[in-house]
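Q: Each chain, written out:
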Amino acid sequence: MAIIQTTNLQYTFSKGPQLIFPSFQAEENSELLILGSSGTGKTTLLHLLAGLRKPTVGEVKVNGLLLSSLSGAALDCFRGKNIGVVFQTSHFVQSLSVIDNILLAPYFSNNKVSKSDAEKMLDRLNILSKKNKKTSTLSVGEQQRVAIARALLNNPSLILADEPTSALDDENAKDVLNLLREQTHALNAALLIVTHDNRLKDEVKQRIELTALKS
Amino acid sequence: MKIIFIAWKNCWQKAGATTLTLLLLSFGVGIISMMLLLENQLSDKFNKNIKDIDFVLGAKGSPLQLILANVYHIDAPTGNIKVSEAQKIIKNPTVKEAIPLAYGDNYEGWRIVGTTPRYAEFYEVKLKEGKVFETPFEVTVGSYAAKELGLKLGQTFKSNHGLDKEGEEEEGHDQLFTVVGIYEASGTVIDRLILTPVESIWEVHDHGDHEESAHAGIVSAEDHDAEDHDAKEHADEDGHDHAEEEHAHEAGHDDHEEEREVTAYLLIKRLPIAPMILPQLVKNTNMQLALPAIEINRLNENFGIGMSVVKAVAILIMIISFLSVFISLFNALRERQYELAILRTLGGRRIQLFVLILLEGLFMVALGLIIGLVLSRVGITLLSDMAKDSFHDEFNAMIFLPQEYYLVGVTLGLGVVASLLPALRAFFMDISKTLSND
Ligand SMILES: Nc1ncnc2c1ncn2[C@@H]1O[C@H](COP(=O)(O)OP(=O)(O)O)[C@@H](O)[C@H]1O
Ligand SMILES: [Mg+2]
Numbered sequence: 059m060a061i062i063q064t065t066n067l068q069y070t071f072s073k074g075p076q077l078i079f080p081s082f083q084a085e086e087n088s089e090l091l092i093l094g095s096s097g098t099g100k101t102t103l104l105h106l107l108a109g110l111r112k113p114t115v116g117e118v119k120v121n122g123l124l125l126s127s128l129s130g131a132a133l134d135c136f137r138g139k140n141i142g143v144v145f146q147t148s149h150f151v152q153s154l155s156v157i158d159n160i161l162l163a164p165y166f167s168n169n170k171v172s173k174s175d176a177e178k179m180l181d182r183l184n185i186l187s188k189k190n191k192k193t194s195t196l197s198v199g200e201q202q203r204v205a206i207a208r209a210l211l212n213n214p215s216l217i218l219a220d221e222p223t224s225a226l227d228d229e230n231a232k233d234v235l236n237l238l239r240e241q242t243h244a245l246n247a248a249l250l251i252v253t254h255d256n257r258l259k260d261e262v263k264q265r266i267e268l269t270a271l272k273s
Numbered sequence: 005m006k007i008i009f010i011a012w013k014n015c016w017q018k019a020g021a022t023t024l025t026l027l028l029l030s031f032g033v034g035i036i037s038m039m040l041l042l043e044n045q046l047s048d049k050f051n052k053n054i055k056d057i058d059f060v061l062g063a064k065g066s067p068l069q070l071i072l073a074n075v076y077h078i079d080a081p082t083g084n085i086k087v088s089e090a091q092k093i094i095k096n097p098t099v100k101e102a103i104p105l106a107y108g109d110n111y112e113g114w115r116i117v118g119t120t121p122r123y124a125e126f127y128e129v130k131l132k133e134g135k136v137f138e139t140p141f142e143v144t145v146g147s148y149a150a151k152e153l154g155l156k157l158g159q160t161f162k163s164n165h166g167l168d169k170e171g172e173e174e175e176g177h178d179q180l181f182t183v184v185g186i187y188e189a190s191g192t193v194i195d196r197l198i199l200t201p202v203e204s205i206w207e208v209h210d211h212g213d214h215e216e217s218a219h220a221g222i223v224s225a226e227d228h229d230a231e232d233h234d235a236k237e238h239a240d241e242d243g244h245d246h247a248e249e250e251h252a253h254e255a256g257h258d259d260h261e262e263e264r265e266v267t268a269y270l271l272i273k274r275l276p277i278a279p280m281i282l283p284q285l286v287k288n289t290n291m292q293l294a295l296p297a298i299e300i301n302r303l304n305e306n307f308g309i310g311m312s313v314v315k316a317v318a319i320l321i322m323i324i325s326f327l328s329v330f331i332s333l334f335n336a337l338r339e340r341q342y343e344l345a346i347l348r349t350l351g352g353r354r355i356q357l358f359v360l361i362l363l364e365g366l367f368m369v370a371l372g373l374i375i376g377l378v379l380s381r382v383g384i385t386l387l388s389d390m391a392k393d394s395f396h397d398e399f400n401a402m403i404f405l406p407q408e409y410y411l412v413g414v415t416l417g418l419g420v421v422a423s424l425l426p427a428l429r430a431f432f433m434d435i436s437k438t439l440s441n442d
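Chains as they are written, first to last, in our numbering: chain A, 59 to 273; chain B, 5 to 442.
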């Protein structure tokens, strides 16, 4: 069974463009790259997949469940448990330490994850030494690792990443991509990256190009 | 980890931005709480001491001063009145009882009052140990005075002249007062007085006084704090010379009977018409009748206006501080919209964000509330120390008034109101739109 499957997805902004997306699906332990230049609707698509926005037309199934059948708290809970999202820019709760920030994920989705599990995750991402630091004291690259750790801590079956590499230099970009891949394999999940970063083009076999944009 | 923990952390994160809010809030709360505490204890003291005293008969002067001096023992007396002249009033059938008060001396700044045992009985003050004074130079001491002075049964002391502790030894008298009893604490003025028969005061002051009997005050009011008591009859007591004349006076007492003076009489009426009759009797004398209830009401009114102004200022400060809570939460929301959106992405429900913002507001308000209540207690303690120095009286800072529960309730309630709008904004936030905006 596919972890994620979309059919006829369309989104129309009330005072903006109509976005039409190709249908696709992703299996366990697979990677999918969605490429598109700026303004082609990558972020919008990612939000539709995460259930943060409802499509105007079409549907999204995650783990066989139609996202549109859920609403309110149930949707928030489902997202929390099954989908890990790494956003274009990393945002954290400023008042909390690194470890407390990643522990927010299991807390808000009612998952049982121990502090030592969280520490293991930080260790895997090579930022265990920063666990008691405030996130604002970290470098951009380190912040991105924390964001990845937070997205993965709940053992999600779907990992969504929005431009995870565009702010990084070649070396760091490669690192982050490898990290995401390793963790995806470790969790037996599906990894979906949306980006305009052409450096990733040759790294991922499964690719979709976004072009469609009607105004 | 709990919402409450995140709210707590967030509250401190913004410490810099919330300092002003906290400061305003705690000052507002502090001032109001201090007013409540003061008002409560002052009116308590006033009402307790006024008891059933209908009139105070004393020398002409400010009626309020007469009351303050003789009912509350916090001001200098207006002067003295002749016992013989007072007779026609205190023996009037409309008067049920008259308790004499004679001032003259102090011990270490604590007032020695010549009176009758009825004075303490009137306030229903019981004896803790010993007995009530009977003969001249026996004293029964109020509980607070005894404690502060360290007076014990059987102890003797020499008095100083006047009402305030005076450094000069010459002013002291040679007669020894003996402590024969100590009263129980009662919360009335008796607590801070040293009571003795009126005769003690007369005898102390008789010596050397007879040749100057023309002047009004055997009991001088050398109170330097009260310069402008216009009607006060200053008595200069420079001519004291006790030792030489002691023996000469034993026989002379009866001659002096008419010249006996006291500072005031506390009157309790027998008949309701007393207020119509008695004032007629003091006309054309140098005495006056003051009504404690009326004077204290007048004082309360003036005091009340002052209190209202202070309260209005405090309420204004509170309103500003609530606006400040509102604005700081609302502004913070703009900066924090991303982290709130992230919490939703992680599975957080709308209601959890709502509660988070509400709790942050409440923490801020509760913190201000606690600081304010502590501040008011510190303030009252300082005031109490001042009152102790100047009036031998104190305020209790370690009480919690029922009105303060209202203060806590209203403050927390307003805290909720101030955080409601920001919390609702967090509740209705469009996370996708927020997260696409970066
Ligand atoms: N709230 C909105 N209202 C109207 N148009 C929007 C809104 N958000 C995004 N758009 C438009 O939708 C298109 C896709 O945006 P987005 O998904 O952010 O693109 P990308 O992430 O690929 O750069 C853009 O043309 C953008 O201007
Ligand atoms: Mg984008």
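Some clues are possibly wrong.
To be verified - Sample of chain A residues at the chain B side, in silico, Cβ under 8 Å: (1) Met59; (2) Ala60; (3) Arg137; (4) Ala163; (5) Ala244; (6) Leu245.
Claimed, not checked - Taking lysine to aspartate or glutamate and the EDC-like style, the derived pairs with C-alpha atoms no more than 16 Å apart in a straight line are: (7) B:Lys13 - B:Asp434; (8) A:Lys112 - B:Glu125; (9) B:Lys100 - B:Glu125; (10) A:Lys192 - B:Glu188; (11) B:Lys156 - B:Glu133; (12) B:Lys135 - B:Glu207.
Honestly, the hints are just simulated from the structure, not real lab data.
This structure is a prediction, so every number in the text was calculated from the model and none was measured.
Note that beta-carbon positions come from the ideal geometry of N, C-alpha and C, so glycine has one too.
Q: All hints, please: hold or fail.
A: Do the hints match the structure? See the list:
1. Met59: Since chain B brings no Cβ nearer than about 23 Å to Met59 of chain A, farther than 8 Å, the hint is violated.
2. Ala60: Because about 22 Å separates Ala60 of chain A from the closest Cβ in chain B, which is outside the 8 Å limit, the hint is violated.
3. Arg137: Hint holds; Arg137 of chain A Cβ to chain B Cβ min 6 Å, cut 8 Å.
4. Ala163: Check passed: Cβ of Ala163 of chain A comes within 5 Å of chain B, closer than 8 Å.
5. Ala244: Cβ of Ala244 of chain A sits 20 Å from chain B, so the hint is violated.
6. Leu245: 17 Å, violated
7. B:Lys13 - B:Asp434: It is violated: about 24 Å lies between the C-alpha atoms, which goes past 16 Å.
8. A:Lys112 - B:Glu125: Answer violated: Lys112 of chain A to Glu125 of chain B is near 85 Å, above 16 Å.
9. B:Lys100 - B:Glu125: 15 Å, holds
10. A:Lys192 - B:Glu188: 62 Å, violated
11. B:Lys156 - B:Glu133: 10 Å, holds
12. B:Lys135 - B:Glu207: 22 Å, violated
Of the numbered hints given earlier, the model fails hints 1, 2, 5, 6, 7, 8, 10 and 12; all others are met.
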